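A.B. asks: Chains as they are written, first to last, in this note's numbering: chain A, 1 to 409; chain B, 410 to 550.
Simulated from the structure, these hints should not be mistaken for laboratory data. Please read these numbers as outputs of a predicted model, since none were measured by experiment. Careful: at least some of the hints might be erroneous.
[What the hints assert, rightly or not] Calculated cross-link-like contacts (lysine to aspartate or glutamate; reagent style EDC-like; alpha-carbon spacing at most 20 angstroms):
1. B/Lys428 - B/Glu438
2. A/Lys252 - A/Asp58
3. B/Lys544 - A/Glu150
4. B/Lys544 - B/Asp465
5. B/Lys420 - B/Asp534
6. B/Lys420 - B/Asp432
7. A/Lys255 - A/Asp66
8. A/Lys211 - A/Glu198
9. B/Lys420 - A/Glu150
10. B/Lys420 - A/Glu273
11. A/Lys205 - A/Asp306
12. A/Lys255 - A/Glu271
13. B/Lys462 - A/Glu198
14. B/Lys428 - A/Glu150
15. B/Lys544 - B/Asp534
Listed below are the residues making up each chain.
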Amino acid sequence: MLQEYVERSYRPDLKPSVASNLIKDNTAIVGIGATEFSRDSGRDELDMACEAIKAAVDDAGLTMDDIDGLETFTLERTSMPTLVGSLGIPNLRFSNQISFGGGASCANVMHAAAAVATGVADYVVCYRSLNEASGHRYGRGDGYVGYLSEAPTLHYGYFFPFGLLTPLSWAGMYGMRWMHEFGVEPEHIGWYPVVLRENAQRNPKAIFHDKPMTHQDYMECQMIVEPLRMFDCCVDTDGAAAVVVTTAERAKDLKQPPAHILAAAQSSPPEQEIQTSYNRPIITGLPETWYMAQELFRVAGVSPADIDVAQLYDPFSLGGLVQLEELGFCERGEGAAFCEGGDRIRPDGELPLNTSGGLLSEAYIHGYNLIIEAVRQIRGTSTSQVENAELSLVTGGPGVPTSGLILRR
Amino acid sequence: MEYVPGIPILKPSIDADNKPFWDAVANHELVLQKCRACDVYHQPPRPMCPECKSMDTLEWVQSSGRGQIYSYVNFTTDRMAYPAMKVPYAVVLIELDEGVRLVSNMIDIEPDEIEIGMPVEVVFDDISEDLTLYKFKKRAA
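Okay, chain B solo, but in the shape it has when bound:
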C-alpha cells in the first residue's frame, strides 16, 4: 500500500489508558493489556478489568507479534476510500496468537493476494517524525 503525498494521516487519539500501547509502538514494540488475575487480554485497553472488576491487576505484556489474517476489506474505488491512501488498498483484521485482534495493513502483498488464514508477523512503519504504525507482513506457516 502507498500513501498519497501531502495528505496527513489521521493520528490515534491518546488517553491515559492507551498511551502505553502507542508509546510502545513508537519504540517498535507491540504490547497488549492483560489482567494478571484473570489471565485475559483486553483490547482496547481499559482502566478496569471487566471480568474481575479490579483496577490494579492490569499490566502490559509483550505480544508475540505473530498471528493470522482473520478478515479484510479491499477499497477498490475512491468513493469511500481514505484520500490519504492510494486505491486499491486493503485493510486487514489480524488475530494475534494471543487472541487479540488488530486492524492494520499488509506491507508486502497486493490486495488480491490476501487470504483469510494467512500467517503474518508484525513490522513497524515510521510514517513521519511523530507517527509510527504497526503493520504486518507474510511469514512462513
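With the rest of the complex left out, here is chain A:
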C-alpha cells in the first residue's frame, strides 16, 4: 500500500490539479502574537490564549470586531465559546479543531486559509495555549497511572501494557532501527540540537536563552530512553501563540508585510498510528511527512533547493533529522550526516533550520512558535535572520497525520 513511498516515486494522478488550489498565493498570514514562554506561567490557558490572540490581532492592525473565525487543536483545553465571549468576537462564522497533537499546527493555518479563500470567513485566528510544563504533561507516562485501568485507546493497548507509553519511547523505537540500518552514531545526532541551542542564544524569548550547550555537553547529558538523551527532547513550556490568516487582497491594506501562503498540505497515509506505525514496510522514515512534502512542493512549484529557511517540528532531534530526509533535503539515512559540524544548518548555511531555537531550545507551543518564526523570516525580523529569505518552510508534527506550509514574501 505504501509502495510509492518505499520507492519514493510520486503519483501525481492521485492529487487534484494545482489550478484548483485556491489557497496558493491568494491567502496570507498577516498577524502574529505570543505570550511569554515559561516553565510555570501561574496563569490559566484561557488567560494566555486571550493575550496571544489580542497580540496577533493588534500586530495585524485589526480589531476583535474583524475576527470571524477560530482554528485550534482538539487537544486545546480552552473552551471555544468561552474564549469568544472573553475576546468579544461579535459573530464567529467559522470554527474548527484538528486532531493528533502537533501534526495539526500547519493544518490549522491551511484550514483557515481554505476558509478565507472560499469566503466563509474573512479573518481567521489560529491559536494554541497550553501549560505543558506546569500542568498536565502529555510527554510523561506516569500521568495515566492512577486514573486509568486500561490503555486510553485501542491501539495503545498493544504498547502501554509493555511499558511503552511515552512519545519519547515511541520515537526511540524508530530511531534505534534508523541508527542500526544507516550506521548513525550518537555524536552524529548531536549537531542538530547544538545548532538549535546556538540560535536560542540570540532569541531572548527562548526558554534556553543564556543556557549555551556544546557538543560535548550533548554527549555527556543523561540518557532518558536509549537511544534518546535529555538534549534530544523538546522543552515542555507554558505559553500561548496565535496567527491571523486572511486573503492576499485584504492583506494589502494591513499593517505588516504579508507572509503569503504559497502552499499548504496535510497527509495521513495508510497504516498511520499515533507515533507507533510499526507495521509499515519500513519504520526508518516518516511517510506522512514524505506525502505531505510531495504535495507541498508540487502545489508551490518549487523544489527543496529553492527553500531559504525551514522550521521543522522537532519534538525530538531524531524527528527533525528524519524530516530532512523525507522533505528531500538529503537522501534516506543521511539526515544526521547533513547536520554534521552544523555549518549547513546555521543561519548562514545552505539550509538554516529552526532559527528561533525550535521546539528543543525555544519553546514547545505545539509548533505554533515555529509558524511565527517562519513568518518573521519572511518579514525580516528574526533574531537569527536569514539574508533575503523569500521562501520559508514550516512543518507540523511528524509520526502523526501531519501538515506543512511554504510561505513567501
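Chain A is already provided as a structure; the job is to place chain B on it using the hints.
C.D. replies: Chain B alone, transformed into the frame defined by chain A:
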C-alpha cells in the same frame, strides 16, 4: 524485567475487532488476523481488509510465535518510564516470521544484552487473574 508491586498494569482496551486476539492470548495462544483472499496479515486487526475492501474474508490464524528483534528502546531512568516497571527495562519490537510486528518485552535477558536481529519465540506471562501478556525469550537461530 520486573514489575513494581502495587501499581496496576494498564490493560489493553477491547473491541469487537481485537477481542479474538486478546482472548487467544488469555489462552496462551498467539493468533493473527489474515485476509484469505489477499493472503495478507493485518495488525492491528480491522473490520475490513484495506487491500480488497472485503468485510468477510478476514480470519484468525495461529502464529508461529517465532521471529526476531527488529528494534528496541531501553528505559534507563525513572523520568519517562512506566512506574509499574522497574528501571532499567527494555521494550522490544518483534518481527514475527509472518512479517507482523508486535511490541513486547524479553523475559530472559537484561536490557544490555538485547541486539537487533536476535532470534526469539513467544511465551505467555500470567500477570494477574485477569491479565495475560505475550512476551518473548531467546531461541537458538
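A.B. asks: It remains to establish, for every hint, whether it holds in the given structure.
C.D. replies: Verification of the hints:
About 13 angstroms separates the Cα atoms of B/Lys428 and B/Glu438, which keeps this hinted pair within 20 angstroms; it holds. Restraint check for A/Lys252 and A/Asp58: satisfied, since their Cα atoms lie roughly 16 angstroms apart, inside the 20 angstroms limit. Taken as a hint, the B/Lys544 and A/Glu150 pair is honoured in the structure, with Cα atoms around 19 angstroms apart against an allowance of 20 angstroms. A threshold of 20 angstroms between alpha carbons decides the hint, and for B/Lys544 with B/Asp465 the separation of about 31 angstroms lies outside it, so the pair is violated.
Taking the CA atoms of B/Lys420 and B/Asp534, the gap is near 13 angstroms; set against the 20 angstroms cutoff, the hint holds. Annotation: proposed proximity of B/Lys420 to B/Asp432 holds, straight-line Cα distance about 13 angstroms (limit 20 angstroms). At most 20 angstroms may separate the alpha-carbon atoms for a hinted pair to count; A/Lys255 and A/Asp66 meet this at roughly 14 angstroms. Taken as a hint, the A/Lys211 and A/Glu198 pair is honoured in the structure, with Cα atoms around 9 angstroms apart against an allowance of 20 angstroms.
Distance check on the hinted pair: B/Lys420 and A/Glu150 sit about 4 angstroms apart at the alpha-carbon level, within 20 angstroms; holds. Restraint check for B/Lys420 and A/Glu273: the C-alpha separation of about 19 angstroms stays at or below 20 angstroms, so the hint holds. Restraint check for A/Lys205 and A/Asp306: the C-alpha separation of about 29 angstroms exceeds 20 angstroms, so the hint is violated. Under the criterion of a C-alpha separation no larger than 20 angstroms, the hint pairing A/Lys255 with A/Glu271 is inconsistent with the structure, at around 45 angstroms.
Simply put, B/Lys462 and A/Glu198 have alpha-carbon atoms about 51 angstroms apart, too far for the 20 angstroms limit, and the pair is violated. Taking the CA atoms of B/Lys428 and A/Glu150, the gap is about 14 angstroms. The hint holds against a cut of 20 angstroms. Using a Cα cut-off of 20 angstroms, the hinted pair B/Lys544 and B/Asp534 holds, with the two alpha carbons roughly 7 angstroms apart.
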